[in-house]
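There are 2 protein chains.
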Amino acid sequence: MYKCNPPEGMRDLLPQEMVLRNHVTKTILEIYNQYGFMQIETPCAEKINFLSSGEGGENEKMLFKILKRGEKLNFSTTTKEIDVVDLGLRYDLTVPLSRYYASNHAKLPKNIKVIQIGNVWRAERPQKGRYRQFVQCDIDIIGSSNVIAEVELILATSEALRNLDFRNFRVRINDRRILVCLARYCDFEENTFDKVFIILDKLDKISIGGVREELEKSNFPTVSVDKFISIITLVLEKKLILDSLLKFLPNVPESVLEDLRFVINTVQQQAENEYSIEFDLSLVRGMGYYTGQIFEIEVAGYKYSIAGGGRYDKMIGKFLQGKEDIPACGFSIGFERVVSILKEQNFIVPQSKKKIALLYNENLTSFNHILSLARELREKGNFVSLEVLKKKNTKKQIDALSEYGYTSFAIFQNNEPLIIKEINTSKNHTE
Amino acid sequence: MYKCNPPEGMRDLLPQEMVLRNHVTKTILEIYNQYGFMQIETPCAEKINFLSSGEGGENEKMLFKILKRGEKLNFSTTTKEIDVVDLGLRYDLTVPLSRYYASNHAKLPKNIKVIQIGNVWRAERPQKGRYRQFVQCDIDIIGSSNVIAEVELILATSEALRNLDFRNFRVRINDRRILVCLARYCDFEENTFDKVFIILDKLDKISIGGVREELEKSNFPTVSVDKFISIITLVLEKKLILDSLLKFLPNVPESVLEDLRFVINTVQQQAENEYSIEFDLSLVRGMGYYTGQIFEIEVAGYKYSIAGGGRYDKMIGKFLQGKEDIPACGFSIGFERVVSILKEQNFIVPQSKKKIALLYNENLTSFNHILSLARELREKGNFVSLEVLKKKNTKKQIDALSEYGYTSFAIFQNNEPLIIKEINTSKNHTE
Numbered sequence: 002m003y004k005c006n007p008p009e010g011m012r013d014l015l016p017q018e019m020v021l022r023n024h025v026t027k028t029i030l031e032i033y034n035q036y037g038f039m040q041i042e043t044p045c046a047e048k049i050n051f052l053s054s055g056e057g058g059e060n061e062k063m064l065f066k067i068l069k070r071g072e073k074l075n076f077s078t079t080t081k082e083i084d085v086v087d088l089g090l091r092y093d094l095t096v097p098l099s100r101y102y103a104s105n106h107a108k109l110p111k112n113i114k115v116i117q118i119g120n121v122w123r124a125e126r127p128q129k130g131r132y133r134q135f136v137q138c139d140i141d142i143i144g145s146s147n148v149i150a151e152v153e154l155i156l157a158t159s160e161a162l163r164n165l166d167f168r169n170f171r172v173r174i175n176d177r178r179i180l181v182c183l184a185r186y187c188d189f190e191e192n193t194f195d196k197v198f199i200i201l202d203k204l205d206k207i208s209i210g211g212v213r214e215e216l217e218k219s220n221f222p223t224v225s226v227d228k229f230i231s232i233i234t235l236v237l238e239k240k241l242i243l244d245s246l247l248k249f250l251p252n253v254p255e256s257v258l259e260d261l262r263f264v265i266n267t268v269q270q271q272a273e274n275e276y277s278i279e280f281d282l283s284l285v286r287g288m289g290y291y292t293g294q295i296f297e298i299e300v301a302g303y304k305y306s307i308a309g310g311g312r313y314d315k316m317i318g319k320f321l322q323g324k325e326d327i328p329a330c331g332f333s334i335g336f337e338r339v340v341s342i343l344k345e346q347n348f349i350v351p352q353s354k355k356k357i358a359l360l361y362n363e364n365l366t367s368f369n370h371i372l373s374l375a376r377e378l379r380e381k382g383n384f385v386s387l388e389v390l391k392k393k394n395t396k397k398q399i400d401a402l403s404e405y406g407y408t409s410f411a412i413f414q415n416n417e418p419l420i421i422k423e424i425n426t427s428k429n430h431t432e
Numbered sequence: 002m003y004k005c006n007p008p009e010g011m012r013d014l015l016p017q018e019m020v021l022r023n024h025v026t027k028t029i030l031e032i033y034n035q036y037g038f039m040q041i042e043t044p045c046a047e048k049i050n051f052l053s054s055g056e057g058g059e060n061e062k063m064l065f066k067i068l069k070r071g072e073k074l075n076f077s078t079t080t081k082e083i084d085v086v087d088l089g090l091r092y093d094l095t096v097p098l099s100r101y102y103a104s105n106h107a108k109l110p111k112n113i114k115v116i117q118i119g120n121v122w123r124a125e126r127p128q129k130g131r132y133r134q135f136v137q138c139d140i141d142i143i144g145s146s147n148v149i150a151e152v153e154l155i156l157a158t159s160e161a162l163r164n165l166d167f168r169n170f171r172v173r174i175n176d177r178r179i180l181v182c183l184a185r186y187c188d189f190e191e192n193t194f195d196k197v198f199i200i201l202d203k204l205d206k207i208s209i210g211g212v213r214e215e216l217e218k219s220n221f222p223t224v225s226v227d228k229f230i231s232i233i234t235l236v237l238e239k240k241l242i243l244d245s246l247l248k249f250l251p252n253v254p255e256s257v258l259e260d261l262r263f264v265i266n267t268v269q270q271q272a273e274n275e276y277s278i279e280f281d282l283s284l285v286r287g288m289g290y291y292t293g294q295i296f297e298i299e300v301a302g303y304k305y306s307i308a309g310g311g312r313y314d315k316m317i318g319k320f321l322q323g324k325e326d327i328p329a330c331g332f333s334i335g336f337e338r339v340v341s342i343l344k345e346q347n348f349i350v351p352q353s354k355k356k357i358a359l360l361y362n363e364n365l366t367s368f369n370h371i372l373s374l375a376r377e378l379r380e381k382g383n384f385v386s387l388e389v390l391k392k393k394n395t396k397k398q399i400d401a402l403s404e405y406g407y408t409s410f411a412i413f414q415n416n417e418p419l420i421i422k423e424i425n426t427s428k429n430h431t432e
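Order-wise, the sequence lines are chains A and B. Quick note, the numbering used here runs 1 ahead of the 1-based positions in the first sequence. Quick note, the numbering used here runs 1 ahead of the 1-based positions in the second sequence.
Don't take each hint at face value.
Taking lysine to aspartate or glutamate and the DMTMM-like style, the derived pairs with C-alpha atoms no more than 20 angstroms apart in a straight line are [to be verified]: (1) A:Lys111 / B:Asp400; (2) B:Lys381 / A:Glu31; (3) A:Lys62 / B:Glu72; (4) B:Lys48 / A:Glu9; (5) B:Lys319 / A:Asp13; (6) A:Lys108 / B:Glu404; (7) B:Lys81 / A:Glu82; (8) A:Lys381 / B:Glu31; (9) A:Lys73 / B:Asp84; (10) B:Lys111 / A:Glu18; (11) B:Lys69 / A:Glu59.
Which chain A residues face chain B? A few, computed with CB under 7 angstroms, are given here [unchecked claim]: (12) Pro7; (13) Pro8; (14) Leu14; (15) Asn34; (16) Gln35; (17) Met39; (18) Ile41; (19) Lys48; (20) Leu68; (21) Arg70; (22) Phe76; (23) Ser104; (24) Pro110; (25) Arg379; (26) Phe384.
Think of the hints as simulated: they come from the structure by calculation, not from any bench. Note that the structure is predicted; figures quoted are calculated from it, not measured. C-beta atoms are modelled at their ideal positions from N, C-alpha and C, and glycine is treated no differently.
Chain A on its own, in the form it takes in the complex (with noise of 0.2 angstroms):
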């Protein structure tokens, strides 16, 4: 049986996890449309210099190459990878919507808010809850620099998140113009300062001591780290919120500051203590290309965050040539996450339609009558679906049928009048 299993790492999709993954898809979509969100589309597939330009920083080392065809293809000449391959497939959504937008930005608004659903794909080592191929979602406004941009991506996330049942759910929000405050304020040099983040951003996992350690290890001076440490310790002990900011890194510019507040207080008073945002010095976001604010989200009860993102002005003009750059913010909604999430909370998904089977004697010598009532009763707003009757075992067939939501029951035998079952399911799969 082994030679049937999909490729390592990635999945076949069961019917119930399908209904799952759709319920999550359609509420995410619909709730980013009425915020006048437009759905687009890229390419799975890009050509393999644009994937390997840099942008995608340790992504680009995941990526599955694909092989040039026909008279391109020489292995006599072959010495390395890139003299036979010419495709990828994308390793995120982000990097593709740049080029689409520097390829297409003729066609579209000036002002554009976009989302994307679609796979990527890394060759990560395969393990629990890692995938090879996964759905992400990003939602992007382009052309806007005003944080109000960032206050309706928030919003509307959150609201998207509210309606698939979160409750309770923590925005964190930074701003990359403050961590470079903070890593000048403590005197390291400015070309180790990404350096320096990234070794934050494993706060989390590593805590406080694991960051100390790791700065040491890297052989910083041991005064930059110092003043480092005791900054990030006075931010866990909630000593260092934004009101004190200025005491602690007077080199915070105050228009980075009033943004902030701008944005933390409208959020607020739209979220009427649905959930709540704060801010928080010890947030980095991964990703190399955030210029600005950035945020994630946070569930209680679960160690990694369900969504994330933040300003990135600088990425998108560079594919512009030479041009001006390009203003844009994104958010990324870990779908493979929320998925997972509501799976291990046993999460139904709501069905406004009752599911009916019609069971035949495959011996009937018509089927007609059958045909017209399915139709009928699909016109009325049921799902309808005609099973052959296996009559040594109704019961289990119906108890199967019943595992996929199917709570009436129709058995047509002979061609004599029809017996109907109405079965109340203690698992009701259908209200």
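Following the hints, put chain B in place on chain A, whose structure we already have.
Frame of chain A, contents of chain B only:
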């Protein structure tokens, strides 16, 4: 700009295209769900050996192959492709379905009705209307040998097409076993039957003269070719119909005819003159795996069929290693063809929600009243987008938004009371 294009033969999808594609997907899924079909999904990539097993026919020549990664890759010993690849992108959804069923059948009902909608990849020579990544939509009933499965597939597919505003389409139906009888009746050699069928399959394109020519060029016996052409001529002249079939091909088993009559009569009664179904001995269908009835749907005015399928009882069992045959019957809707026909006919996607744009002056000091108004309007069932007001060019901005279906506009300036404009565009995108 060239370097920002997607890979050759692949597409970026604009928002308006996505609206149409999503409508087609949603309509198809909804109808098949009503008929008891459940959605499933396989990964986009499969193991290379599996995709090269021969089941895919010509499609296997158009494989996108994925390079091995890490230590498994060694160019110093490479002399051919197979040494350096381990995966490929799927070229259809039928072959992966067989693997899926073999791998998951223990977790699935014995009789299962499934629908798959997903991308497939073929490295075809790029040309107008042909893409290297495109969506397929396959519907299959597995586990039932009764021709009621054929009836259900034809009825559900017709219903889906009717819900996409297709009218007066025509279902052509034939049976592979009748084609075998025809070839046998004409005294072709058994091992050349497939070659004869492949030539007959070109009838639409090369007409009867072309078929004769190709048969003669392939050195088939003249007596066989003459007999064959005379029968196909009778078909084209509508002289060979189902009722007269035995007169010309006395070797066709009665049971095969009976099944055909059953399907045609049942579908005709259910169709109520909304569409038609007719026997067509010249229908072949490309793939070699069909074992029983085959069918195609044609829309008046279009050369290519928009859906096609048939029974393939011998394929799925192969992957269950030595166990019995698993009967199966499938239909495939030409998703891209359906989309391009609808586009050509300027099909307007029905939209139940009103689209409202709230245009705000960036310098406003508080956004809470706008955000609260937006939320209220969304709760009432509208799509509401916040947009930065272009003070110098408001008319152009409103025109641009109208293109995307917005019909109501509110303008917020200097914290003054808002101005609301209702625009009745002549191109009404929203009803």
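Each hint tested on the structure:
{"no.": "1", "hint": "A:Lys111 / B:Asp400", "verdict": "13 angstroms, holds"}
{"no.": "2", "hint": "B:Lys381 / A:Glu31", "verdict": "14 angstroms, holds"}
{"no.": "3", "hint": "A:Lys62 / B:Glu72", "verdict": "14 angstroms, holds"}
{"no.": "4", "hint": "B:Lys48 / A:Glu9", "verdict": "9 angstroms, holds"}
{"no.": "5", "hint": "B:Lys319 / A:Asp13", "verdict": "19 angstroms, holds"}
{"no.": "6", "hint": "A:Lys108 / B:Glu404", "verdict": "12 angstroms, holds"}
{"no.": "7", "hint": "B:Lys81 / A:Glu82", "verdict": "14 angstroms, holds"}
{"no.": "8", "hint": "A:Lys381 / B:Glu31", "verdict": "14 angstroms, holds"}
{"no.": "9", "hint": "A:Lys73 / B:Asp84", "verdict": "17 angstroms, holds"}
{"no.": "10", "hint": "B:Lys111 / A:Glu18", "verdict": "18 angstroms, holds"}
{"no.": "11", "hint": "B:Lys69 / A:Glu59", "verdict": "19 angstroms, holds"}
{"no.": "12", "hint": "Pro7", "verdict": "5 angstroms, holds"}
{"no.": "13", "hint": "Pro8", "verdict": "5 angstroms, holds"}
{"no.": "14", "hint": "Leu14", "verdict": "4 angstroms, holds"}
{"no.": "15", "hint": "Asn34", "verdict": "6 angstroms, holds"}
{"no.": "16", "hint": "Gln35", "verdict": "5 angstroms, holds"}
{"no.": "17", "hint": "Met39", "verdict": "4 angstroms, holds"}
{"no.": "18", "hint": "Ile41", "verdict": "6 angstroms, holds"}
{"no.": "19", "hint": "Lys48", "verdict": "6 angstroms, holds"}
{"no.": "20", "hint": "Leu68", "verdict": "4 angstroms, holds"}
{"no.": "21", "hint": "Arg70", "verdict": "5 angstroms, holds"}
{"no.": "22", "hint": "Phe76", "verdict": "6 angstroms, holds"}
{"no.": "23", "hint": "Ser104", "verdict": "4 angstroms, holds"}
{"no.": "24", "hint": "Pro110", "verdict": "6 angstroms, holds"}
{"no.": "25", "hint": "Arg379", "verdict": "5 angstroms, holds"}
{"no.": "26", "hint": "Phe384", "verdict": "5 angstroms, holds"}
Against the hints set out earlier in the document, no violation occurs for any number.
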